[in-house]
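One-letter residues, chain by chain:
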Amino acid sequence: MDRSYKELLKLRRFPHTWCPGCGIGAVLKNVAMAIKELDWNYKNTVAVSGIGCSGRMSGYMNLDAVHTPHGRPLTAAETIKTVRPDLNVIVLSGDGDLGSIGGNHLLHTSRRNPNITVFCNDNEIYGLTGGQAGPTTPKGTKTLTSPRGEPYSPLRLGRILTQQPPYFYARTSVYHLNHFKTCIREALLWKGFSFVDIISDCIELNGRRLGFKTAYQMFKWFDQRFHIVEGERDHLQEDELGIAKALVEEVPKPAEKIEVKPEIPIESLKPFTLEELQQFDGSGGKPIYIAYKGKVYDLSGSLLFQGEKKMRCHIAGKDLTKDIDIAPHGEDLVFKFPLVGKIEG
Amino acid sequence: MKPRINVIWNEIYCKRCLICVEVCPVQVLSLERNEIEEKDGCIRCYQCERYCPDIAIEVMDEKGRG
Ligand SMILES: Cc1ncc(C[n+]2csc(CCOP(=O)(O)OP(=O)(O)O)c2C)c(N)n1
Ligand code: SF4
Ligand code: SF4
Ligand code: SF4
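Line by line, the protein sequences are chains P and Z. Residue numbers for the first sequence follow this note's numbering, beginning at 1339 and rising by one. Residue numbers for the second sequence follow this note's numbering, beginning at 72 and rising by one.
Just so you know, these hints were derived from the structure itself, not from any lab. Just so you know, not all the hints are guaranteed correct.
As the list claims (entries may be wrong) - Here are the computed lysine-lysine pairs in the BS3-like style, where the Cα-Cα straight-line distance is at most 27 Å:
1) K86/Z x K1558/P
2) K86/Z x K1374/P
3) K110/Z x K1558/P
4) K1608/P x K1656/P
As the list claims (entries may be wrong) - Partner residues aside, some chain P positions facing chain Z, computed with beta carbon under 7 Å:
5) F1352
6) G1359
7) A1364
8) Y1554
Said to hold, decoys possible - Which bits of chain Z does chain P cover? Going by a derived footprint, with three or more residues having C-beta under 8 Å, they are:
9) 80–92
10) 107–121
Every value quoted in this text rests on a predicted model; they were computed, and no experiment measured them. By construction, the Cβ of each residue, glycine as well, lies at the ideal position given by its N, Cα and C atoms.
Input sequences plus hints: build the corresponding full structure.
Listed below in structure tokens is the structure:
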């Protein structure tokens, strides 16, 4: 068994602060294992946390770490990634921190899709402050602040984070260990914003109130509530553990139509003298010709001359080489019209 | 206390959460007088080590060491 992941943990601070059986320890350990497997280290990786029991995770990592104000780990993480794109940036925090006070940052950071990975210890409760109902607390759950059962429906992080590509949203649990490890690894390797929603236990301040005696009993409850779905998914149902991911839809650019006009050899063009050209001024139903760089073009189809007699007189039947060369895009405009002849002499 | 044959247990890190006891498929671990004990019959499946959130129990790499 490879135990080198321990290098990434501040074991001198152990035993860690969490309650007996708390799932946060499992998150810390398995994230450390995955980071070690990928050979990330204190030189190329930064851990960022917010506030809460879960927010204590970065403090146990042997990495450069930031412990931000409540709800703000994503802002710090995105900033670090922006100024130091060479660093791997991970966020370790709780569902309350990321989903409620930090909810707005979650919306906008995910939208901007920075290449960071978020591990959300989703214990469906505010642990640190004593077991109040949080944003992910399932409807009907009895908590400190909802003794008769939480009246509101929870925030569906999975729906929010998979609303438009690109996205990577994984839901897993601390009990489904192999799945948990796969999700961590895939999220770390994902290029872009990846979010791992880890269903975890707060045995002390949530589990006991719900009637569970040990953390393992809560694990079994997770096993009843959730099942793993395999394969590529766009979205996950609320009782599914799996990975929903999508890349940016690349909108194919419509290929620009380039009409290739057949080259007409100059010798075969009809010759005009400048006097002859003057005849074609559009009067009396005659076509409107102009000369440009020795060639004669038929501008009769131009919208510029429809009905505008004054305009016509000004331009029609003349050599406009000088005028067109100083006009913006003048040359391109002339080339759109049919070539009908050349100027003699 | 009986010596533990297959697992090493760290009594300082351990918080007596009983996850290892409950996850062991052959129920050879138990908490006796506030210590994790190992009875005969460990199949060295590493489940206790994998699930311990406190890095407090490890399966010895060579069988029978200890
Ligand atoms: C600005 C601010 N508001 C409120 C708090 C109180 N507070 C501390 S932790 C916390 C909730 C944390 O919940 P979660 O992220 O789920 O972490 P857990 O403790 O469950 O792991 C709250 C509301 C605070 N510290 N700062
Ligand atoms: S209060 Fe809950 S979340 Fe916090 S350490 Fe204890 S069990 Fe874990
Ligand atoms: S799982 Fe770990 S912390 Fe929990 S009782 Fe077993 S050895 Fe102790
Ligand atoms: S290695 Fe497996 S069988 Fe042995 S004590 Fe641990 S869980 Fe039980």
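Going down the list of hints, with the structure as the test:
| no. | hint | verdict |
| --- | --- | --- |
| 1 | K86/Z x K1558/P | 20 Å, holds |
| 2 | K86/Z x K1374/P | 25 Å, holds |
| 3 | K110/Z x K1558/P | 24 Å, holds |
| 4 | K1608/P x K1656/P | 17 Å, holds |
| 5 | F1352 | 5 Å, holds |
| 6 | G1359 | 3 Å, holds |
| 7 | A1364 | 4 Å, holds |
| 8 | Y1554 | 4 Å, holds |
| 9 | 80–92 | holds (count 8) |
| 10 | 107–121 | holds (count 3) |
Hint check: no violations occur; every hint is consistent with the structure.
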